[in-house]
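**Student:** Protein sequences, first through last, are from chains S and A. Sequence positions in the first sequence follow this note's numbering and run 1 to 324. Sequence positions in the second sequence follow this note's numbering and run 1 to 324.
Simulated from the structure, these hints should not be mistaken for lab results. Please read these numbers as outputs of a predicted model, since none were measured by experiment. Check the hints yourself; a few may be wrong.
[Unchecked claim] With a Cα cut of at most 30 Å, we get these calculated DSBU-like pairs of lysine-lysine:
1) K110(S) <-> K15(S)
2) K194(S) <-> K194(A)
3) K267(S) <-> K278(A)
2 protein chains.
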Amino acid sequence: MEQKGELISYRPDIKVVDCTIRDGGLVNNFYFEDQFVKNLYTANVAAGVDYMEFGYKASKEIFDVKEFGKWKFCDEADIREIVGDNNTELKIAVMADVGRTDYKKDIIPKSESVIDIIRIATYINTIPAAVEMINYCHDLGYETSINIMAVSTANENELDIALDILGQSQADVIYLVDSYGSLYPEQIRRMADKYLAVAEKYGKKVGIHAHNNQQLAFANTVEACTFGVSFLDATMSGMGRGAGNCYMELLMGFLRNPKYNINPVLKFIQNQILPLKKAGVVWGCDVQYMLTGQQNQHPRSAIAFTADEREDYSNFYQTLLDRE
Amino acid sequence: MEQKGELISYRPDIKVVDCTIRDGGLVNNFYFEDQFVKNLYTANVAAGVDYMEFGYKASKEIFDVKEFGKWKFCDEADIREIVGDNNTELKIAVMADVGRTDYKKDIIPKSESVIDIIRIATYINTIPAAVEMINYCHDLGYETSINIMAVSTANENELDIALDILGQSQADVIYLVDSYGSLYPEQIRRMADKYLAVAEKYGKKVGIHAHNNQQLAFANTVEACTFGVSFLDATMSGMGRGAGNCYMELLMGFLRNPKYNINPVLKFIQNQILPLKKAGVVWGCDVQYMLTGQQNQHPRSAIAFTADEREDYSNFYQTLLDRE
Numbered sequence: 001m002e003q004k005g006e007l008i009s010y011r012p013d014i015k016v017v018d019c020t021i022r023d024g025g026l027v028n029n030f031y032f033e034d035q036f037v038k039n040l041y042t043a044n045v046a047a048g049v050d051y052m053e054f055g056y057k058a059s060k061e062i063f064d065v066k067e068f069g070k071w072k073f074c075d076e077a078d079i080r081e082i083v084g085d086n087n088t089e090l091k092i093a094v095m096a097d098v099g100r101t102d103y104k105k106d107i108i109p110k111s112e113s114v115i116d117i118i119r120i121a122t123y124i125n126t127i128p129a130a131v132e133m134i135n136y137c138h139d140l141g142y143e144t145s146i147n148i149m150a151v152s153t154a155n156e157n158e159l160d161i162a163l164d165i166l167g168q169s170q171a172d173v174i175y176l177v178d179s180y181g182s183l184y185p186e187q188i189r190r191m192a193d194k195y196l197a198v199a200e201k202y203g204k205k206v207g208i209h210a211h212n213n214q215q216l217a218f219a220n221t222v223e224a225c226t227f228g229v230s231f232l233d234a235t236m237s238g239m240g241r242g243a244g245n246c247y248m249e250l251l252m253g254f255l256r257n258p259k260y261n262i263n264p265v266l267k268f269i270q271n272q273i274l275p276l277k278k279a280g281v282v283w284g285c286d287v288q289y290m291l292t293g294q295q296n297q298h299p300r301s302a303i304a305f306t307a308d309e310r311e312d313y314s315n316f317y318q319t320l321l322d323r324e
Numbered sequence: 001m002e003q004k005g006e007l008i009s010y011r012p013d014i015k016v017v018d019c020t021i022r023d024g025g026l027v028n029n030f031y032f033e034d035q036f037v038k039n040l041y042t043a044n045v046a047a048g049v050d051y052m053e054f055g056y057k058a059s060k061e062i063f064d065v066k067e068f069g070k071w072k073f074c075d076e077a078d079i080r081e082i083v084g085d086n087n088t089e090l091k092i093a094v095m096a097d098v099g100r101t102d103y104k105k106d107i108i109p110k111s112e113s114v115i116d117i118i119r120i121a122t123y124i125n126t127i128p129a130a131v132e133m134i135n136y137c138h139d140l141g142y143e144t145s146i147n148i149m150a151v152s153t154a155n156e157n158e159l160d161i162a163l164d165i166l167g168q169s170q171a172d173v174i175y176l177v178d179s180y181g182s183l184y185p186e187q188i189r190r191m192a193d194k195y196l197a198v199a200e201k202y203g204k205k206v207g208i209h210a211h212n213n214q215q216l217a218f219a220n221t222v223e224a225c226t227f228g229v230s231f232l233d234a235t236m237s238g239m240g241r242g243a244g245n246c247y248m249e250l251l252m253g254f255l256r257n258p259k260y261n262i263n264p265v266l267k268f269i270q271n272q273i274l275p276l277k278k279a280g281v282v283w284g285c286d287v288q289y290m291l292t293g294q295q296n297q298h299p300r301s302a303i304a305f306t307a308d309e310r311e312d313y314s315n316f317y318q319t320l321l322d323r324e
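Build the full structure now, drawing on both the sequences and the hints.
**Tutor:** Here it is, written out as structure tokens:
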């Protein structure tokens, strides 16, 4: 594999995507204060972040609106309440899960929406449904990306087929997603190579969304980037489900494009993230998440371990080894 | 560069070095309870760790013994109090800093000592003094390693000359040390390539000692390992100066040699490290350390920021930019 660019210059194809509200919403059921979201938007614009993901377009038939904050649903009016007509360089993203969204009802034509990109999330067994959503959203006028989740457990042959199908879809960006935070840098390079080959063939971009179970989210993001991946997901102080994500403040320090500015990120962290943490909102790398990452398992057992305030790592580890 | 080995098999040349007392001692001035050190020794033996570093051989002329715990000095009797004659597979290491040790007085012949390896730490401007110490300790019968610190600020041409001089010395292992936690994986690969070329020429091993300022200590350690570095430093839960080191529990999860066992490490963390943290001993990655790492600076300003319990990251960052 050949490196694209080096540490002194910069690649203009790189795009930074802030997922703080969407992945961070998995920590607090999407209950963010409006002021937090407004300040995040302002910080992202000032920092030169390219995309800000506001949350999910979840089905109100499936999910009870009384049990979640509004960013689980991302109504057009709620986004506009924060961004107005969004007269900035920052693009607005939302995520739509295959099978959990009434996209034909809830996603309106781009001409009527302030949203720029619909990020569609799928597992490998629902690729055809994902393609239907991709093409539907594309035809409405949106940019689209496709996240294939949990690829660390996917059959490699099936993944090759899935990537080729997605290559033929209208998706603009195909995301490499390390859902369990289990992939080591050498695996990320091999995967990125595979994704980039498809992307090159079909004229698409590749993105990476990493989790921090093994303290590898930032490392895997810069490794993928070094070899050609260009859409880079990050969140403020890594806020996200379980062990969290790639830290925006680390990514801002790595990128060399002068359009990026770490100062607004630092101010947002000291003014908004620290109070959130002091109020008891918990995320981030801890032993239980390292162990699920090492075992290539969903972090749900580690999240439960955390919620129960347990510290018996050794017992917990033994339970992870039972997989039958 | 070619990968050495892959993720399914293992390389028998890999050695794991626990530096918890030595690098962790920089956090608490080497005041560890004897029971902590004994439990760590027992855990390392059970985990299959290859070397345990007990601390420094610091000069009692230069440093006041009343201001530090005993592991700053590592008297033979104190080590024997923990390990007896050390009838185990685990080897005992101590570190000796060039210019801060009375090595001709304090380092006794290997035949009278339970210590196995003297790890000599130097900056690039004291290489001749380091070589004198290496050869002296070698002639006393010890294994020796040499740590060139702060290479991220060294002139590349001078580093090449230093490595060649060290190649001609009696050192068994040459360490790549990322003192400021500033190096990205692609830089670690280039550096490792350079060190490995010298090591191959002169029949030596290469080690890595990484710091976690940018959450890259583990990533850089496995990257270096993947390309042939074989002595891998780690500490329990990353305990070490400032942002700390590569986590032992992550490294144990990565290595495939069945001699390594993560269970004793997990038990040590829950029984010994968690109480230490609850007692207020502080280390680990935080924004201030990320910023000194990004700027390739010594973490001393970040350590002071932490001690003062400051949270004004943005102001702190601006002060780092003044380098004149």
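**Student:** With reference to the structure, classify each hint as holding or not holding.
**Tutor:** Hint by hint, here is what the structure shows:
Between K110(S) and K15(S), the direct Cα distance comes to roughly 21 Å. Compliance with the 30 Å bound is thereby established for this hinted pair. Distance check on the hinted pair: K194(S) and K194(A) sit about 29 Å apart at the alpha-carbon level, within 30 Å; holds. A C-alpha spacing of about 29 Å is found between K267(S) and K278(A), which places the hinted pair at or below 30 Å, so the restraint holds.
In this structure, none of the earlier numbered hints is contradicted; all agree with it.
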